[in-house]
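Assemble the complex: chain A is given as a structure, and chain B must be docked to it using the hints.
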Amino acid sequence: MMARGFTPKVVTASDLFEGDVVYLARGGIWTRSLADAQLIESESAAREILSGAESVNGGLVGVYLADAEAGPDGRPRPVHYREAIRAKGPSNYCHGKQSGG
Amino acid sequence: MYRYNDFDRSYVRDRVEQFRKQVERRIDGTLSEEEFKPFRLMNGLYLQLHAYMLRVAIPYGTLDSRQMRQLAYIADRWDKGYGHFTTRQNIQFNWPKLRDVPDILEALADVEMHAIQTSGNCVRNVTSDHFAGASADEINDPRPVAELIRQWSTDHPEFAFLPRKFKIAVTGSPVDRAVTRAHDIGLRMVRDDDGNDGFEVIVGGGLGRTPVIGTVIRDFLPEADLLPYLEAILQVYNAIGRRDNKYKARIKITVRETGVEAFRTLVEDRFPVLRRVFEGGDRDFARQIRAAFAEPEYADAPTSPFDAAMDNDPAFRAFARTNLHPHKNPDYGIVTISLKAHGATPGDATSDQMRLIADLAEAFGHDEIRISHEQNIVLPHVHKKDIPAIRAALSEAGLGTANIGLASDIIACPGMDYCALATARSIPIAQQIANRLKDIEAEVGSLKIKISGCINACGHHHVGHIGILGLDRAGTENYQVTLGGDATESARLGDRAGPGFSADELIPAIERLARRYIEVREDEGESFIETYLRAGKEPFRTALYGEAPRPAAASRS
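Sequence order for the protein chains is A and B. Each residue of the first sequence is one higher than the one before, counting from 315 in this note's numbering. Each residue of the second sequence is one higher than the one before, counting from 456 in this note's numbering.
Think of the hints as simulated: they come from the structure by calculation, not from any bench. Quick caveat, the model's predicted, so the values are computed rather than measured. The reader is advised that the hints may include incorrect statements.
As the list claims (entries may be wrong) - Using C-beta positions, here's what the derived DEER-type ranges look like:
| hint | chain 1 | residue 1 | chain 2 | residue 2 | range |
| --- | --- | --- | --- | --- | --- |
| 1 | B | R698 | A | S405 | 36 to 42 Å |
| 2 | A | S405 | B | E977 | 51 to 57 Å |
| 3 | B | D531 | A | A384 | 39 to 45 Å |
| 4 | B | S901 | A | E368 | 48 to 54 Å |
To be verified - Simulated coverage check for chain A against chain B, where a stretch passes if three residues somewhere in it have a Cβ under 8 Å from a Cβ of chain B:
| hint | region |
| --- | --- |
| 5 | 323-337 |
| 6 | 341-351 |
| 7 | 358-370 |
| 8 | 391-399 |
To be verified - List time: in silico EDC-like cross-link candidates among lysine to aspartate or glutamate, alpha-carbon distance up to 20 Å:
| hint | chain 1 | residue 1 | chain 2 | residue 2 |
| --- | --- | --- | --- | --- |
| 9 | B | K492 | A | E368 |
| 10 | B | K492 | B | D592 |
| 11 | B | K620 | B | D699 |
| 12 | A | K402 | A | D387 |
| 13 | B | K701 | B | E716 |
| 14 | B | K552 | B | E472 |
| 15 | B | K476 | A | E332 |
| 16 | B | K893 | B | E974 |
| 17 | B | K552 | A | E383 |
| 18 | B | K535 | A | D334 |
| 19 | B | K535 | A | D329 |
| 20 | B | K535 | A | E332 |
| 21 | A | K402 | A | E383 |
| 22 | A | K411 | A | E397 |
| 23 | B | K783 | B | E750 |
| 24 | B | K783 | B | D592 |
| 25 | B | K492 | A | E332 |
| 26 | B | K492 | B | E479 |
| 27 | B | K492 | A | D329 |
| 28 | B | K992 | B | E977 |
| 29 | B | K992 | B | E981 |
| 30 | A | K411 | A | D334 |
| 31 | B | K535 | B | D558 |
| 32 | B | K840 | B | E817 |
| 33 | B | K552 | A | E332 |
| 34 | B | K492 | B | D558 |
| 35 | B | K783 | B | E593 |
| 36 | B | K552 | A | D329 |
| 37 | B | K535 | B | D555 |
| 38 | B | K492 | A | D334 |
Even glycine gets a Cβ: it sits at the ideal position worked out from N, Cα and C.
Pulled out of the complex, with its shape left as it was, chain A reads as follows (with noise of 0.2 Å):
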C-alpha cells in the first residue's frame, strides 16, 4: 500500500486550567483561535514543533498535532468535524470559543 502524504497540521492541545481547546502559534506562543495558528506544511516541521511543545507544556493536556488547512485568507481552518467543533463550540448554545467567553 502506497503511504499517504503528509497533510498540513496545526499543533493542538487542553488549557490544563480551563479545558479549553488551544493551538500553537509561531514563536511558541499558545492561542485560543486555530485562525492565528501556525499551519505546518512538512512533515519534519510537524515532529519538530511537536516535540517542542510536548517538552514545555506545563499548562497544558494532551498535545497532538490536527489536521488543517489554509482557508481563503491564508489562515488554519479544520479539515475534520471533530476538529470544527473544537475550533468553534457546541452546537446546541452559544458556548465554548463561539460565545467569545
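Chain B in isolation, oriented as in the chain A frame:
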C-alpha cells in the same frame, strides 16, 4: 430517604480535601497529567472536548429539594447555568474550571452528595427504577437495597481496580424501568410463595461495542443473601476477568468466554464461603436503611381539582395521559417532568428549572425528586388535587411538554458536541427528530428512540425501538439505524436495518419509519414494537431504503 451518618460525612469531606491537595499539586507541577488523571477520574472529573466535565452521582436517582437547589447553585456559580442529566441517573456539569472543582465537591458534600466512583474501573453509581417507592406495580421499594449496595461498594478495597467498570441496576417491579438486563448485574425483585422478597440475579448484560442481554444465574436469591452473593460474583469476575484487552474486559465477555454454567458454578461455590464471613452482619444495617425509606405521610383530601381538569381541559388530559403514572395510593400520581421540550437538548435543565422543580417537590411532592435513566425528572408522590397547579407552573417554565414515552422523548448522549470519545453528534439529531415528529407523535404513540454518538452506547441505542448510532465514515458523520430493541423486562437488542445515513437523510428516514408503522399496525392498540415483532423488519426496511437494496448516499460499510 437515606441521610448521611457521621462516617459518611467525614468520608466524603476527607475525599474533598484529598482531591483539593491533588489539584494543587497538579497546578504547581508536582503531579504530571499522567499521575493526576487517575485521581481526577476517581472524583468524576473528565477532560472533554471543550472543557472539564464533572459527573456527580445521584444514587439510584433520588434527591430532595435541598440537593436540587444546590445543583442549581453549582450550575450558576461554577458552570453555565445548567446541568445535563444522564442515562446513569447522574448529572454532568460541562464547563467547570480545574481550580474550582474542589469547591464544587465541597458544595456537594454540604448536601450529602459527591462524585466518587462516577468513573474508573470500579462499581459505579447504583441505578434503579425512577418510580421506586411509588409505583402501583411495585413489589417493594428497591432503593434500600440500592443504598446497601452503594455503601458496600463505595471504596470497597477489593473492588477498586476491577478489570473494567461495573454497573449494577435494581428494580422492585416486574415492569422493568431500570434496564436490568443491560447491566453487569441486574437485580429484579421477586416474591416467593411464602411472601418473602428476593431477587432474580441477572449477570453479564451490557451495551457498548459488544451488546449482550444479561443471563439469569439465580431465579431467587433471598434478600438477606444479597451482599455475599454480589461479593461472590465480583470476586469471580475480579479473578478471571480479562485485563489484557480493554474491549474484552467487561463481565459480559467473562461470562461468555467462561460459559454461563461454569460461571454460575464458580459463583455458587464461592457464595457459601462468603455467606459465613458476612454472618448476616449487614442485616441490622439493612433494616436501618429500609427504615429511612419509609413511605411519606399521604394527605387525605378530595381529588376534585384533578377530576375537574380531566373533565374540562384537553391539554391537561394530554399531559395526564403521557406524564402521569399510577401511584400505589390511588389519590396520588407520579408526575414525570419532561426534559425533552421539542428542539431542546435531551436531559438538560437550567438552574431556574431546577429551582422550580425543587420548589414544587417541597410544596407538593413530600420533598422527593427522582432522575430517570430516560433523562427526565420525576415527582414521585403528588396528590392528584395538586397536579393541575403543578402542570401550570411547569408549563410556564418550559417544562410542561406532554411527551413522555412518545417519539420526542428521546434518549441522547452528549455526543461529539461535548464528549471526547464520540464519533458523531447526537444532540442535533435528537433536536431535529423531535421537531420533525412533533405533529404525528400523538398518533404514533409509544416509541422509544435512543441515540448514541459512538459505539460505547451511552444513549442505549441497542435497546431503542429505533436506535441510532453515530459513526465517523471517512470524515463524515454517518448514522446507523437499529430496529426492534427493547429495554424492558422483555429486553431485546435491535436489528441493524441496513446501511447508514447522512445526518440530512436520517431525519426524513425516521419520519418514514413512524409513518410506515401507522400504515402497517393492526390497530391503534398495537404499539410500534409490537408491530415490528409481528410484521418483522421488511416493511420498515423498505420505509428506510425503498425497494432498492441500498440508498443513494449509503455508507461504504
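Hint by hint, here is what the structure shows:
| no. | hint | verdict |
| --- | --- | --- |
| 1 | R698/B with S405/A: 36 to 42 Å | holds (38 Å) |
| 2 | S405/A with E977/B: 51 to 57 Å | violated (40 Å) |
| 3 | D531/B with A384/A: 39 to 45 Å | holds (42 Å) |
| 4 | S901/B with E368/A: 48 to 54 Å | holds (53 Å) |
| 5 | 323-337 | holds (count 7) |
| 6 | 341-351 | violated (count 0) |
| 7 | 358-370 | violated (count 0) |
| 8 | 391-399 | holds (count 5) |
| 9 | K492/B with E368/A | holds (17 Å) |
| 10 | K492/B with D592/B | violated (44 Å) |
| 11 | K620/B with D699/B | holds (15 Å) |
| 12 | K402/A with D387/A | holds (18 Å) |
| 13 | K701/B with E716/B | violated (24 Å) |
| 14 | K552/B with E472/B | holds (17 Å) |
| 15 | K476/B with E332/A | holds (18 Å) |
| 16 | K893/B with E974/B | holds (18 Å) |
| 17 | K552/B with E383/A | violated (31 Å) |
| 18 | K535/B with D334/A | holds (14 Å) |
| 19 | K535/B with D329/A | holds (18 Å) |
| 20 | K535/B with E332/A | holds (13 Å) |
| 21 | K402/A with E383/A | holds (16 Å) |
| 22 | K411/A with E397/A | holds (13 Å) |
| 23 | K783/B with E750/B | holds (11 Å) |
| 24 | K783/B with D592/B | holds (7 Å) |
| 25 | K492/B with E332/A | holds (15 Å) |
| 26 | K492/B with E479/B | holds (14 Å) |
| 27 | K492/B with D329/A | holds (14 Å) |
| 28 | K992/B with E977/B | holds (16 Å) |
| 29 | K992/B with E981/B | holds (16 Å) |
| 30 | K411/A with D334/A | holds (8 Å) |
| 31 | K535/B with D558/B | holds (16 Å) |
| 32 | K840/B with E817/B | holds (15 Å) |
| 33 | K552/B with E332/A | holds (5 Å) |
| 34 | K492/B with D558/B | holds (19 Å) |
| 35 | K783/B with E593/B | holds (8 Å) |
| 36 | K552/B with D329/A | holds (10 Å) |
| 37 | K535/B with D555/B | holds (13 Å) |
| 38 | K492/B with D334/A | holds (17 Å) |
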